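Trainee: Take these sequences, add in the hints, and give me the full structure.
So the protein lines, in turn, are chains C and R. Position one of the first sequence corresponds to residue 1 (my numbering), numbered consecutively onward. Position one of the second sequence corresponds to residue 1 (my numbering), numbered consecutively onward.
Careful: at least some of the hints might be erroneous.
Any copy, or any two copies together, can satisfy a pair, since identical chains are not distinguished.
Unchecked claim - Simulated crosslink set (DSBU-like; lysine-lysine; CA at most 35 angstroms straight-line):
| id | residue 1 | residue 2 |
| --- | --- | --- |
| 1 | Lys182 | Lys196 |
| 2 | Lys267 | Lys331 |
| 3 | Lys392 | Lys26 |
| 4 | Lys403 | Lys452 |
| 5 | Lys335 | Lys182 |
No wet-lab data here; the hints were simulated from the structure. What you are looking at is a predicted structure, and each value in this text was computed from that prediction instead of being measured.
2 protein chains.
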Amino acid sequence: MDIKEIFDDYEKFLKKEITVEGWIRKHRKQKSMGFIDLSDGTCLERLSLTYSSDTKDFCEVQKLHIGSSVRVTGTIVATPDRTQKFELVCKEIILLGDCPEDYPLQPKAHSREFFRKEAYLRPRAELFQAVFRVRSVLSIAIHDYFQSHGFLYLHAPILTASDGEGAGEMFQVTTLDLDRIKESGEVNYEDDFFGKKVGLCVTAQLEGEAFAQAFKKIYTFGPTFRADKSHTPYHVAEFWHIEPEVAFCDLDGIMEIAEELVKYVIKYCLEHAKSEMKYLDKYVEPGLIEKLKKVSDCEFKRVTYKECIDILIKSKKKFEFTPKYGIDIAKEHEKYLCEYFDCPFFLTMWPKELKSFYMKQMDDGTVAGADLELPGIGEVFGMSEREVDYDKLVSRMKELDMKLEDYEWYIKLRKYGTCKRSGFGIGFERLLMYITGIDNIRDVCAFPRTHKSCEF
Amino acid sequence: MDIKEIFDDYEKFLKKEITVEGWIRKHRKQKSMGFIDLSDGTCLERLSLTYSSDTKDFCEVQKLHIGSSVRVTGTIVATPDRTQKFELVCKEIILLGDCPEDYPLQPKAHSREFFRKEAYLRPRAELFQAVFRVRSVLSIAIHDYFQSHGFLYLHAPILTASDGEGAGEMFQVTTLDLDRIKESGEVNYEDDFFGKKVGLCVTAQLEGEAFAQAFKKIYTFGPTFRADKSHTPYHVAEFWHIEPEVAFCDLDGIMEIAEELVKYVIKYCLEHAKSEMKYLDKYVEPGLIEKLKKVSDCEFKRVTYKECIDILIKSKKKFEFTPKYGIDIAKEHEKYLCEYFDCPFFLTMWPKELKSFYMKQMDDGTVAGADLELPGIGEVFGMSEREVDYDKLVSRMKELDMKLEDYEWYIKLRKYGTCKRSGFGIGFERLLMYITGIDNIRDVCAFPRTHKSCEF
Numbered sequence: 001m002d003i004k005e006i007f008d009d010y011e012k013f014l015k016k017e018i019t020v021e022g023w024i025r026k027h028r029k030q031k032s033m034g035f036i037d038l039s040d041g042t043c044l045e046r047l048s049l050t051y052s053s054d055t056k057d058f059c060e061v062q063k064l065h066i067g068s069s070v071r072v073t074g075t076i077v078a079t080p081d082r083t084q085k086f087e088l089v090c091k092e093i094i095l096l097g098d099c100p101e102d103y104p105l106q107p108k109a110h111s112r113e114f115f116r117k118e119a120y121l122r123p124r125a126e127l128f129q130a131v132f133r134v135r136s137v138l139s140i141a142i143h144d145y146f147q148s149h150g151f152l153y154l155h156a157p158i159l160t161a162s163d164g165e166g167a168g169e170m171f172q173v174t175t176l177d178l179d180r181i182k183e184s185g186e187v188n189y190e191d192d193f194f195g196k197k198v199g200l201c202v203t204a205q206l207e208g209e210a211f212a213q214a215f216k217k218i219y220t221f222g223p224t225f226r227a228d229k230s231h232t233p234y235h236v237a238e239f240w241h242i243e244p245e246v247a248f249c250d251l252d253g254i255m256e257i258a259e260e261l262v263k264y265v266i267k268y269c270l271e272h273a274k275s276e277m278k279y280l281d282k283y284v285e286p287g288l289i290e291k292l293k294k295v296s297d298c299e300f301k302r303v304t305y306k307e308c309i310d311i312l313i314k315s316k317k318k319f320e321f322t323p324k325y326g327i328d329i330a331k332e333h334e335k336y337l338c339e340y341f342d343c344p345f346f347l348t349m350w351p352k353e354l355k356s357f358y359m360k361q362m363d364d365g366t367v368a369g370a371d372l373e374l375p376g377i378g379e380v381f382g383m384s385e386r387e388v389d390y391d392k393l394v395s396r397m398k399e400l401d402m403k404l405e406d407y408e409w410y411i412k413l414r415k416y417g418t419c420k421r422s423g424f425g426i427g428f429e430r431l432l433m434y435i436t437g438i439d440n441i442r443d444v445c446a447f448p449r450t451h452k453s454c455e456f
Numbered sequence: 001m002d003i004k005e006i007f008d009d010y011e012k013f014l015k016k017e018i019t020v021e022g023w024i025r026k027h028r029k030q031k032s033m034g035f036i037d038l039s040d041g042t043c044l045e046r047l048s049l050t051y052s053s054d055t056k057d058f059c060e061v062q063k064l065h066i067g068s069s070v071r072v073t074g075t076i077v078a079t080p081d082r083t084q085k086f087e088l089v090c091k092e093i094i095l096l097g098d099c100p101e102d103y104p105l106q107p108k109a110h111s112r113e114f115f116r117k118e119a120y121l122r123p124r125a126e127l128f129q130a131v132f133r134v135r136s137v138l139s140i141a142i143h144d145y146f147q148s149h150g151f152l153y154l155h156a157p158i159l160t161a162s163d164g165e166g167a168g169e170m171f172q173v174t175t176l177d178l179d180r181i182k183e184s185g186e187v188n189y190e191d192d193f194f195g196k197k198v199g200l201c202v203t204a205q206l207e208g209e210a211f212a213q214a215f216k217k218i219y220t221f222g223p224t225f226r227a228d229k230s231h232t233p234y235h236v237a238e239f240w241h242i243e244p245e246v247a248f249c250d251l252d253g254i255m256e257i258a259e260e261l262v263k264y265v266i267k268y269c270l271e272h273a274k275s276e277m278k279y280l281d282k283y284v285e286p287g288l289i290e291k292l293k294k295v296s297d298c299e300f301k302r303v304t305y306k307e308c309i310d311i312l313i314k315s316k317k318k319f320e321f322t323p324k325y326g327i328d329i330a331k332e333h334e335k336y337l338c339e340y341f342d343c344p345f346f347l348t349m350w351p352k353e354l355k356s357f358y359m360k361q362m363d364d365g366t367v368a369g370a371d372l373e374l375p376g377i378g379e380v381f382g383m384s385e386r387e388v389d390y391d392k393l394v395s396r397m398k399e400l401d402m403k404l405e406d407y408e409w410y411i412k413l414r415k416y417g418t419c420k421r422s423g424f425g426i427g428f429e430r431l432l433m434y435i436t437g438i439d440n441i442r443d444v445c446a447f448p449r450t451h452k453s454c455e456f
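Mentor: Next comes the structure, spelled out in structure tokens:
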């Protein structure tokens, strides 16, 4: 049985004999008895085992190592005076898989850097048990929100010939033999698997728009790749991306959805990962739960870029980058604005030069796009109404020297029954960092991929 | 509002004025009135609109093209004598986005090949509305099954340096400039993004095993890539893969989970995509629903490879490949066995030479692996207990000339608290083909990627 079942309702098992399997996380020995913390990973909690000379093969049991897997049979007994209200009094503990003493995860404090080097073992540590459980719960929260609101889940393609962001950060995917290119001095894409140059998607938005124009409300949730060399706590080359796209929806509508989604998934995690969130609140970011509750209870403000610049100018604060109309909002500005408003807010209506080609152009030189800014972290993700006018889109793409022929079908969506539509793109890991309080993205990815690092 | 809301409970809207947005799928004109089928993609059903000379701008409305997007205001009126029990009597139909007459999806029969060439438009067609809705529903069914059974959802890495199947079908991922290699005559992986040769994952099993040894029950559900040049209706280079891995679980245990999962997701689709499944049963595979119900109601048999070979030999049937112990089970054999048993069955205990290196080796030269065979399609996916003995795994890998240093951490999982474990890998699209009755995998992928084809 799962240890989780016991923690869900231990009274059901009192005085009953049960068998569980799991791994030894702690082992404290006394002369005639011993105590073991057993984890099977089905919940964050560890089952307290006690054994004594009545337990079969007592001497062998005393030799059991940290990290070993065991099968345990015993009786659940109440311990009303202790933090854990019950324990398993063991009749028999059978060693299944030993764990020699060179096991890296000994029960002492390890640094996050140490854990990263042992990424195949770190899911066994309590911290990562909490983080990856919340990761799983948050994923389901996202599906749950969209499904209960009638969205279609789309698996957009990962392999693609078009650079959806036009940012040139694509990885190339090939079956050409690089050594042969070296020798022959020839690159012939006709011999490549797809017969042309292909890469990994940087966004699913283009395909998302095609499906929104058929299903009205769609979302994607899949991996996305950017060959970004930034060595920061926020950048990985492979991340999961949530990209909804909604037809007949304007910027106001998509901001409403974004606000609802963020609140929904926060509440979902607090509800469905209680122990994990408490653990993170206690050991990772004190005040985490309060911070999240505040966000999920308040109303998000909507402020234009112009208003924000005015506030920054009026502040008379010395910024490294002097605020003025036309400049990008830097981290220092975000920080000031987040403190100023003291609540989540949408920063809307940006000068078009600062945003992507596909955003709806307004008459005053702005685009109908917005960034969601959360206190304590700043921008978490961006959204926009799309440019659905054929001519305006084409002229903007020409201004930016984009190759129109690479986007032929995307542009043609504006020709056949076009309609207003909007969408956003959430970097899943950044949202997860905000919800877990973990400050380095490498620690919320099972096996993070960053510049110069692709281990395991 | 969504058209789905009306079909969910039309009586709620009778005689009420409502506004909907959507696309014109059919348009039949008479002298003083007209009929439009309107789809907004929120459900398979199309709303019947009627307009007449009472409708605003009647003459303009008569000119509306197929495929155009419109906003419609009108009153829901009962039509008890017709198939559709209600219609929208229009007060106003406003054109939002026109669709010129060169629109490829005119209301006539199109071949599947034609649709593939217009993959960015085909989700608008009824057939693909059904297929991609079932795809979304089936995805959620899978999450639902695993979540309700306490599995952790793991996002395994897509970029990897190890070939998990050892089959050599990996795509390479690089930021090296191929033209520069051509000119310089040098391939220097130190200059590549990750500082080494990296490719796209062919399986998430290795990472799955690491997480199962921490969380007991995990599953992955993400894209997987194989540079397989097969031009068949079953092969794509990019597909979604479901890979659960369960600690303390043997082959019998994982077969039970596989059987439960298949039955669960079939029932879920029949329940949550009723109209779509009816449509597919009517237009794609007559008898589809009955076939699926039979599978979800019966008990799956378990038959060993040896028993199957004996049955094939005893059949005295002339096969192209003569059945004998040691040969692989060919399609013709599967077909015979499926008819012989007339129910889903697990084909278990294969000679180790026919299966992967990571399967648990038995003393008699077989491995504890099984394939699930379904009537009418044959093998749908395989499963196995894993080889968790350090020495046995290493010696098998050496027999197969595998580079042990590429799998160092995977092998070490057998050193630190190893335990019995099992898992399987479902090709999502093949399961989807079985459930939708669609016979070409290109028609269940939004934008299929196959040898020499990567469009959109």
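Trainee: Hint by hint, note whether the structure agrees.
Mentor: The hints, checked one at a time:
| no. | hint | result |
| --- | --- | --- |
| 1 | Lys182 x Lys196 | both (19 angstroms within a copy, 17 angstroms between copies) |
| 2 | Lys267 x Lys331 | within (27 angstroms within a copy, 50 angstroms between copies) |
| 3 | Lys392 x Lys26 | between (65 angstroms within a copy, 30 angstroms between copies) |
| 4 | Lys403 x Lys452 | both (31 angstroms within a copy, 22 angstroms between copies) |
| 5 | Lys335 x Lys182 | neither (50 angstroms within a copy, 48 angstroms between copies) |
Of the numbered hints stated above, the single one contradicted by the structure is hint 5.
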